Amino acid sequence: MQVTVKQTVNASADKIWEILRTFDKVETYISMVTKTELDGQGVGSQRTCTAMNPDGSTSKIVEKLDYLNDDEKTMKISIIDGPLPLNSAVVTIKVGVLEDNKTELEFDAIFDPKPGAEEELKKGFQGVFQAAAQGLEKLAN
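First residue of the sequence shown? That's 6 in my numbering, and the numbers climb one at a time after it.
Honestly, the hints are just simulated from the structure, not real lab data.
This structure is a prediction, so every number in the text was calculated from the model and none was measured.
Just so you know, not all the hints are guaranteed correct.
[Unchecked claim] Calculated cross-link-like contacts (lysine-lysine; reagent style BS3-like; alpha-carbon spacing at most 30 angstroms): (1) Lys-20 x Lys-119; (2) Lys-128 x Lys-11; (3) Lys-128 x Lys-143; (4) Lys-65 x Lys-30; (5) Lys-40 x Lys-119; (6) Lys-81 x Lys-20; (7) Lys-78 x Lys-65; (8) Lys-107 x Lys-119; (9) Lys-78 x Lys-107; (10) Lys-69 x Lys-30; (11) Lys-107 x Lys-40; (12) Lys-127 x Lys-107; (13) Lys-107 x Lys-143; (14) Lys-78 x Lys-127; (15) Lys-119 x Lys-81; (16) Lys-81 x Lys-143; (17) Lys-143 x Lys-78; (18) Lys-99 x Lys-78; (19) Lys-143 x Lys-65; (20) Lys-69 x Lys-128; (21) Lys-40 x Lys-81.
Generate coordinates for the entire structure from the input sequences, incorporating the hints supplied.
This is how it looks when you write it as structure tokens:
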């Protein structure tokens, strides 16, 4: 399955890319994430994001940085562990320059859901991507 969210934000593409490319401090732009633990630097590094669930409990999601291209402002991240009902997922994030202070963010998730979890995951990815775009816009200004 695939979910793509494109969102235009009023912020510099360079500033947004600087935030994303570190692969760290996700809690600064996605409010449901309370902590990020980074292991390593650059491609191959892993991060563990602690997220707050709607019921007040927390979950840990482990992600790996598979690809990072500063010229294209593109990164690919694999979700490698966590409580999500999926077998695998790869998220591609692209940061596109529209104007000086206008940026198009494109989030694309390709995932293999566990049976019956398709809609839940689709809505979940859309919500996280929209929250990330809004949070990045605020943080970059």
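Going down the list of hints, with the structure as the test:
1. Lys-20 x Lys-119: violated (36 angstroms)
2. Lys-128 x Lys-11: holds (15 angstroms)
3. Lys-128 x Lys-143: holds (23 angstroms)
4. Lys-65 x Lys-30: holds (14 angstroms)
5. Lys-40 x Lys-119: Judged against 30 angstroms, a Cα distance of about 27 angstroms means the pair holds.
6. Lys-81 x Lys-20: holds (19 angstroms)
7. Lys-78 x Lys-65: Given that 30 angstroms is the threshold and the Cα spacing comes to 27 angstroms, the pair holds.
8. Lys-107 x Lys-119: Violated, at roughly 37 angstroms.
9. Lys-78 x Lys-107: holds (15 angstroms)
10. Lys-69 x Lys-30: holds (14 angstroms)
11. Lys-107 x Lys-40: holds (28 angstroms)
12. Lys-127 x Lys-107: holds (27 angstroms)
13. Lys-107 x Lys-143: holds (13 angstroms)
14. Lys-78 x Lys-127: holds (25 angstroms)
15. Lys-119 x Lys-81: holds (22 angstroms)
16. Lys-81 x Lys-143: holds (23 angstroms)
17. Lys-143 x Lys-78: Holds. Lys-143 to Lys-78 sits at ~19 angstroms (cutoff 30 angstroms).
18. Lys-99 x Lys-78: holds (6 angstroms)
19. Lys-143 x Lys-65: Judged against 30 angstroms, a Cα distance of about 25 angstroms means the pair holds.
20. Lys-69 x Lys-128: holds (22 angstroms)
21. Lys-40 x Lys-81: Between Lys-40 and Lys-81 the Cα gap is close to 21 angstroms, so the pair holds against 30 angstroms.
Going through the hint list in order, the structure does not satisfy hints 1, 8.
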